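Undergrad: This is what each chain is made of:
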Amino acid sequence: MLDVGPGTAVRVRGMQPPGHIRTPHYLRGKAGVIERCLGLSGNPEQLAYGLPGASLPLYRVRFTMADIWGARAERPDDTLDAEIYGHWLEETV
Amino acid sequence: MGGDAAGPLQQQNGRPVEHDFALWEKRVDALMVLMTTKGHFTVDGLRRAIEDMGPGAFETMSYYDRWIAAVNQNLVESGVYTLAELGEKMEQVARRGSTYGQASLAGA
Numbered sequence: 004m005l006d007v008g009p010g011t012a013v014r015v016r017g018m019q020p021p022g023h024i025r026t027p028h029y030l031r032g033k034a035g036v037i038e039r040c041l042g043l044s045g046n047p048e049q050l051a052y053g054l055p056g057a058s059l060p061l062y063r064v065r066f067t068m069a070d071i072w073g074a075r076a077e078r079p080d081d082t083l084d085a086e087i088y089g090h091w092l093e094e095t096v
Numbered sequence: 007m008g009g010d011a012a013g014p015l016q017q018q019n020g021r022p023v024e025h026d027f028a029l030w031e032k033r034v035d036a037l038m039v040l041m042t043t044k045g046h047f048t049v050d051g052l053r054r055a056i057e058d059m060g061p062g063a064f065e066t067m068s069y070y071d072r073w074i075a076a077v078n079q080n081l082v083e084s085g086v087y088t089l090a091e092l093g094e095k096m097e098q099v100a101r102r103g104s105t106y107g108q109a110s111l112a113g114a
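Chains as they are written, first to last, in the numbering used here: chain C, 4 to 96; chain Y, 7 to 114.
Mixed in with the good hints there might be a few duds.
Simulated coverage check for chain Y against chain C, where a stretch passes if three residues somewhere in it have a Cβ under 8 Å from a Cβ of chain C [what the hints assert, rightly or not]:
| no. | region |
| --- | --- |
| 1 | 19 to 28 |
| 2 | 42 to 50 |
| 3 | 72 to 85 |
Selected chain C positions facing chain Y (Cβ under 8 Å, derived; list incomplete) [what the hints assert, rightly or not]:
| no. | residue |
| --- | --- |
| 4 | Leu41 |
| 5 | Ser44 |
| 6 | Pro47 |
| 7 | Ala51 |
| 8 | Tyr52 |
| 9 | Pro55 |
Listed below are several chain C residues computed to face chain Y (Cβ distance under 10 Å; list not exhaustive) [to be verified]:
| no. | residue |
| --- | --- |
| 10 | Gly22 |
| 11 | His23 |
| 12 | Gly45 |
| 13 | Gly53 |
Derived from the structure by calculation, the hints contain no laboratory data. Because the structure is a prediction, the values reported are computed rather than measured. All C-beta atoms, glycine included, are put in the ideal place defined by N, C-alpha and C.
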């Protein structure tokens, strides 16, 4: 499980399992930077099915429009923050 | 729906149109708060059930139509009532007649 601080470069995992997942599809596989750590939160992927949700680290991750849309970005330097659970993030070097 | 054109926002005098909620819609909202507060399910369960309805539900059902169906799905799954109990209750309510809702609205 990812356990990192603000400023860490990360990539959202690109996996596509079916089911209730809060990680937006348009951010999967995209690179961003940890903006802040939001502490532990119950895993919605378990809570959604009536199961106890494991406490997982939740992060606010900042992406630039260029990160997300590449050359198609109209304003490449605009940023977007998304809240993503640690098990969906991989540290990039 | 993600990826589909949603059309323009409904506007009146340059401001977004505010929608009034019907009494039954407010009751669905209250039921959701009550059931999750009691711990029968979570907002994640509501979202999961709505997603599982598929894209067609967003065209054929209203917002609170989808909510009450998803609340029901979660309550059945968590064992608050059985399908037979639900069916019996629906028959009881139907026997009140088609004007019962108007009477309850008048008293609201």
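Undergrad: Hints first: check each against the structure and report whether it holds.
TA: Hints, one by one, checked against the model:
1. Check result for the region 19 to 28 of chain Y against chain C: violated, 0 residues qualifying (beta carbon to beta carbon below 8 Å, three or more required).
2. Residues of the region 42 to 50 of chain Y with a Cβ under 8 Å from some Cβ of chain C number 3, which satisfies the need for three, so the listed coverage holds.
3. Coverage of the region 72 to 85 of chain Y by chain C holds in this model, with 3 residues showing a Cβ closer than 8 Å to a Cβ of that chain against a need of three.
4. The closest approach between the C-beta of Leu41/C and any C-beta of chain Y is roughly 17 Å, which is over the 8 Å cut-off, so the hint fails.
5. For the restraint placing Ser44/C at the interface with chain Y, the shortest Cβ-Cβ distance is roughly 11 Å, beyond the 8 Å limit, so the hint is violated.
6. The criterion of a C-beta within 8 Å of any C-beta in chain Y is met by Pro47/C, whose closest approach is roughly 4 Å, and the hint holds.
7. Nearest Cβ of chain Y to the Cβ of Ala51/C: about 4 Å, under the 8 Å cut. The hint holds.
8. Because the beta carbon of Tyr52/C sits about 7 Å from the nearest beta carbon in chain Y, less than 8 Å, this interface hint is met.
9. Taking 8 Å as the C-beta contact cut-off toward chain Y, the hint placing Pro55/C at the interface is violated, the least distance being around 10 Å.
10. The beta carbon of Gly22/C is positioned within 10 Å of a beta carbon in chain Y (closest approach about 7 Å), and the interface hint is therefore held.
11. Hint status for His23/C: holds, given a least beta-carbon distance of 4 Å to chain Y, under 10 Å.
12. Because the beta carbon of Gly45/C sits about 8 Å from the nearest beta carbon in chain Y, less than 10 Å, this interface hint is met.
13. About 6 Å separates the beta-carbon of Gly53/C from the nearest beta-carbon of chain Y, less than 10 Å, and the hint is met.
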